[in-house]
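> Here's the letter readout for the chains.
There are 2 protein chains.
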Amino acid sequence: MKKTSSLDALITAFERLPGVGPKTAQRYVMHLLQYDKAAAEQLSRALEEAAAHIGNCLRCNTFTEQSICTTCSDEHRDPRLLAVIETPADQAALESTLAYQGYYYVLMGRISPLDGVTPNTLKLERFLARATEPGVEEVILATNFTIEGQTTAHMMATLLKPYPIKVTRLARGIPFGGELEYVDLPTLAQSLRQRRNT
Amino acid sequence: MKKTSSLDALITAFERLPGVGPKTAQRYVMHLLQYDKAAAEQLSRALEEAAAHIGNCLRCNTFTEQSICTTCSDEHRDPRLLAVIETPADQAALESTLAYQGYYYVLMGRISPLDGVTPNTLKLERFLARATEPGVEEVILATNFTIEGQTTAHMMATLLKPYPIKVTRLARGIPFGGELEYVDLPTLAQSLRQRRNT
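Just so you know, the sequences run in chain order A and B.
The letter at position 79 of the first sequence is residue 79 when you use my numbering, and the numbering goes up by one with no holes.
The letter at position 18 of the second sequence is residue 18 when you use my numbering, and the numbering goes up by one with no holes.
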């Protein structure tokens, strides 16, 4: 792309987004400047606004504009339960089941050495401090069932071992509506080993 | 993602980029707010700057901060040649060959009814006005060899038919270093039909 200085600067700025290389950055810039300048201005304002006002909740670490987020401020929740998830999106997924009434802790990531995310980067000691507060009886490790999520869960379980807290993991098994024939083998094996009385 | 109002606004703003859905928008926002607030501020400023200062060259339609871009202002170029390309990136590719000394016209897109880009959206009449200026002897249709690019080239050739201007298209054939065995069939057939004397 023939670059003028502010074009150049804009392409470079987009390249700092995860998974965005020069081609995608050029495509975004082309679209915004050629077809949707209003969107460029909207995005600029939204970024400025968000960078200035959004921080992390002092209790659960999720994004919030207050010092304590609305979920942590909600006194009708069950203080004995603490679910640990990777991202705010995971929290939203659990919330939408309406099956959980406890509090959350949002890691904002997962241990992933390839991406440079270590237990230190994740500030697991902050999680540990929250999980061992008086009143917490069960910590539900609700990280994803990916290799990184499993590693993170394992690490948190190890950290919690010295404490008299029940540590659980979300159940794995055949999904709702699942047909045995099409379920992948590890999941099917797991569902057999962990079969329950009706 | 648990949304606060400015989070919400930022995700929505990212979703206006081409090919960006809710998941990607959330990933961008997560990255910027959690790991790289400096990048958020940089992107915000770059967008504001670019939206305010970058417009289209009055002659060739490319992005520029002046009213006439540096290429169109360059009087050492050959005024008899005009190459039409789809994007500034295509112009950069042609320039880097050092094999072309004429002027350019940048369509900033291609005819693509599925994306809502019609001859009207592309403002082909502006191209026609530029191509039929006195002094232009040859118009090189250098749009891509995709279906959309071919359609656009065909449309421009039709528009230029009434005028005494030579209209050419970039040559197709076996690429530099290409081995016949691995060249796709349409390209090989084309290279046979358009064989040249050595």
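FYI, nobody ran anything at the bench for these hints, they're computed from the structure.
Cβ coordinates follow ideal geometry from the N, Cα and C atoms, glycine included.
Some hints here could point you the wrong way.
[To be verified] Reference excerpt, derived from the structure (chain A facing chain B, CB under 10 Å, subset only):
{"no.": "1", "residue": "L17"}
{"no.": "2", "residue": "R27"}
{"no.": "3", "residue": "K37"}
{"no.": "4", "residue": "A38"}
{"no.": "5", "residue": "E65"}
{"no.": "6", "residue": "M108"}
{"no.": "7", "residue": "A131"}
{"no.": "8", "residue": "E181"}
{"no.": "9", "residue": "L185"}
> Each hint: holds or not?
Results for each hint:
1. L17: holds, 5 Å
2. R27: With a closest approach of 6 Å, the A/R27 hint holds.
3. K37: holds, 5 Å
4. A38: For A/A38, the interface hint holds, since the closest Cβ of chain B sits about 9 Å away, which is under 10 Å.
5. E65: holds, 5 Å
6. M108: At 5 Å from the nearest chain B Cβ, A/M108 passes the 10 Å test, so the hint holds.
7. A131: Not OK, violated: A/A131 not within 10 Å of chain B, min 20 Å.
8. E181: Constraint on A/E181 not satisfied, violated at 29 Å.
9. L185: Constraint on A/L185 not satisfied, violated at 28 Å.
Hint compliance for this structure: hints 7, 8, 9 are broken, all remaining hints hold.
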